[in-house]
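**Q** Letter by letter, the chains look like this.
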Amino acid sequence: GAGVSQSPSNKVTEKGKDVELRCDPISGHTALYWYRQSLGQGLEFLIYFQGNSAPDKSGLPSDRFSAERTGGSVSTLTIQRTQQEDSAVYLCASSLGLAGANEQYFGPGTRLTVT
Amino acid sequence: ILNVEQSPQSLHVQEGDSTNFTCSFPSSNFYALHWYRWETAKSPEALFVMTLNGDEKKKGRISATLNTKEGYSYLYIKGSQPEDSATYLCAPSEGTALIFGKGTTLSVSS
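As they're listed, the protein sequences go chains P and W.
Every letter in the first sequence is one number past the one before it in my numbering, and letter 5, counting from 1, is -15.
So the mapping is simple: my numbering equals the position in the second sequence, first residue as 1, plus 20.
None of these hints come from the bench; they were simulated from the model.
Take the hints with a grain of salt, since some may be wrong.
[To be verified] Simulated coverage check for chain W against chain P, where a stretch passes if three residues somewhere in it have a Cβ under 8 Å from a Cβ of chain P:
hint, region
1, 62 to 73
2, 82 to 96
3, 123 to 130
[Said to hold, decoys possible] Pulled a few chain P residues facing chain W out of the computed Cβ check, cut under 10 Å:
hint, residue
4, Val(-16)
5, Pro(-12)
6, Gly39
7, Leu40
8, Asp43
9, Phe45
10, Val54
11, Ala68
12, Gln84
13, Phe86
Every residue gets a Cβ at the ideal spot worked out from N, C-alpha and C, and that includes glycine.
The following block holds chain W by itself, in its conformation from the complex (with noise of 0.2 Å):
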C-alpha cells in the first residue's frame, strides 16, 4: 500500500501570491502520478497525469513537477487568485488504483 503525503496540510495566502505545495511518494512500482483539484461542493477535478521522471505540465497558472527516482511532486500556483482556494490531492498509481494523498486545502484571500 502507498504512503502518500502532502504538504503543507493547509495553507492561507493572499490574493497574488505565489505558493506550492509537495507530495511524497513511494519510488518504487511507480507509475503515473495525478493532481486533483477539489473545491467545496463540488466533484474533484484532474489538473494533470504525470508519468515520466522530470515531466513538467502546465495549465494556465498552475504547474507541476515529478521526480519519480526520489518520490517526490512538486505543485505550483502562480499569482494565487481567490478561485483557487480549493483542496488540492495528489495520487500516485502503480499502475491501476490510484492511492491519495490527504491534500493540501488552499485558501486565497482578496
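So here's chain P without its partners, still in its complex pose (with noise of 0.2 Å):
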C-alpha cells in the first residue's frame, strides 16, 4: 500500500519568506509526527498530532513554525519568516497510535534550503 508521501522533496527559498511542507499520512494512522534533521545533528522532534486531540507543539523551535492537521489526515508544516538556521529535512512520520508502542513510518523528506 500507499507509504507516507511529502511534498515538495526539495525546497529553496529566501531568507524572510513563508514555506509550507506537507505530509501526506498512512490511511489509517491516527498519529502523525514531524522531525528535522540539521546538518551534524540528530532527528528533532517538533510536534505530533493524535486523532482528535490537541497537538503536542513542545518541539517547536520557534514561533515561527506551526503546523496544522486537516480532517486527521494530511499535514502541513509552515515555517514564516525562514531564517538560514531552518536549513534542514524536514520529515513526516505516521503511526497506529501513540508512537510510544508503535513503530512509525517516515515519508522521504523535503530538504529546505534557505539561502
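Using the supplied hints, reconstruct the complex from the two chains, each of which is provided in its own coordinate frame.
**A** Okay, here's the thing in C-alpha cells:
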C-alpha cells in the first residue's frame, strides 16, 4: 500500500519568506509526527498529532513554526520568515497510535534550503 | 527531556564481522525503546519496538536487547553485509514522542 508521502522533495527559499511543507500519512494512521534533521545533528522532534487531541507542540523551536492537520489526515508544517538556521531535512512520520509502542513510518522528507 | 547517547558514533567493519552498538537513556519514566535503520537517500525504517525489561528481539541477522533498569539497549549485527551499511538510530519514549539519539553509522566493506 501507499506509504507516507511528502512534498515538495526539495525547497529553496530566500531568507524571510514563508514556506509550507506537506505530509500525507498512511491511511488509517491516527498519529502524525514532524521531525527535522539539521546538518550534523540527530532527528529533532517538532510536533505530533494524535486523533482529535490537541497537538503536542513542545518541540517547535520558535513561534515562526506552526503545523496543522486537517480532517485527521494531511498535515502542513508552516515556517514563517525563514532563517538560514531553518535549513534542514524535514521528515514526517505516521503510526497506528502514539509512537510510544507503535513503530513509525517515515516519509522521504523535504530538504529545505534557506539562502 | 531525554538525553540519549549512542556509541560508537561510527564504525567500519569488514564483511562477515559481527558488531554491536549501544544506546543509553534515562531509566526513569521509560515506556518503550525503538531502533531504526536509516540508509542514505532513504527514509528511516523501524527495526524493533521494545517495551519490557529483558526484551530480546530478532530480525534476521539483527537482534536487540533491552535493560530498562539500567537504561541501555544493545543492537547486534551478526555477519555484517555491505547492505547493512546505514545509520542505526535508537529512540526511547516516555509514552508519546520519540527522542532520537544521533545514531551509529555503520560502514561494511566487502
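**Q** Out of the numbered hints, which ones does the structure contradict?
**A** 2, 3, 5, 7, 8, 9, 10, 11
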